[in-house]
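Chemist: Please take these sequences and the hints and turn them into a complete structure.
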Amino acid sequence: MVLMPRPSRGWRAGAVAGTVVLLLAACSDDDGGNGGGGGEGGGDQPYTIGLSNGFVGSEWRTQMVEGLEAAFAEYEEEGVVDELVVESADTDVNGQIQQIRNLINRGVDAIIVNPNSETALDAVFREATGQGIEVFAIDQAVTSEDVTNVVIDQAEWARISAEWLAEQVGEGGNVVVVNGIAGHPANEMRWGAAEEVFNGAGVNVLTVADGNWDQATGQQVMTNLLATYPEVDGVWTQDGMAEGVFRAVDAAGRLDQITISGEARVGFMRLWGEARTNGFQSIGVVNPPGGAVSALHMAINVLEGEAFASGSLDGNTVTIPIPYTVDETTFDQYWGEASAESDAYSLDGSLTRDEAAEFFE
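Residue numbers (UniProt numbering): 1 to 361.
Treat the hints as calculated values from the structure; they're not laboratory data. Do not rely on the hints blindly, as some may be mistaken.
[As the list claims (entries may be wrong)] Beta-carbon label-pair distances, calculated as ranges:
id	residue 1	residue 2	range
1	Glu78	Leu206	53 to 61 Å
2	Gln281	Gly79	47 to 55 Å
3	Ala309	Gln281	35 to 43 Å
Glycine is no exception: its CB is placed at the ideal position from the N, C-alpha and C atoms.
Modeler: If you want it as structure tokens, here you go:
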């Protein structure tokens, strides 16, 4: 697992609506790709890769796309790939279905998708694989057997910080929860695991609210919760909102009373570091935008005809390790590596090419 510096490319998700086609070679085949080189022997380079991203409302997604661009450019220099077709926009499930159909029509060889639903894209995934296109889901797993999931264990990601918070507040402690987007696969998997931890530890969950993975929304939601629930001992939240939650608790003058699960993001870590002098503690579990890079390495191996090794797949899922966790014992190390980045930067990691190759025979 390699720790990833911030890519230098300047693409910004907020400026994109619809399809962005990155022509990373001076010329390409007029027929628009190989129609799915697939795992039937491989070697049909160069490959065309598609990305379907149905949510651009967070800096994490921007970083995900930038990291994929940078990794793709390295393969392009070697002649392995020729074109990256990016479908990226805030959209619903129907909109993402259209994104994927656009990629099918472009004749891509593989599609990397950050899915808006665990099950609702199954039919379009079948359309893609029916055309010989390899499909890889990142960030959250899907159930379709036509897709290879390349994901961290989102339940384990949540469990780590929930167990830490439960230990901090103790049995009988009162916590409120600021979740992401209700119904989103990653959100549901995370909250299911965290809820199980709290129930097992005897922690009282006073209420659950949605912050939509947005700092400003998370801050407002937390401000409202503090007014409604004065006896709060702790807050469990997901990445993309911890800075907002912190600011709300700080504005209420209650940082010394309320324990906050945090995030491995520079903006939150900056506040965390400043508050450490007054005894504030937190935790940040890395949810790597670089999962798209890990999936790209996997896709290239499959397109080259490599088969997954025995034990690499659990059903249709390859589980890649959570890169690392920031806590009081590791804060100084990781802050030293990330402090020069912008506040929006998420600490990151991805499989190297060699690490990805170890999943194959």
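Chemist: Next, verify each hint and record whether it holds.
Modeler: Hint-by-hint comparison with the structure:
Between Glu78 and Leu206 the Cβ separation comes to about 54 Å, which falls inside the hinted range of 53 to 61 Å. Between Gln281 and Gly79 the C-beta distance comes to about 50 Å, which sits within the given range of 47 to 55 Å. Taken as a hint, the range 35 to 43 Å holds for the pair Ala309 and Gln281, whose Cβ atoms sit roughly 41 Å apart.
In summary, the structure agrees with every hint in the numbered list given earlier.
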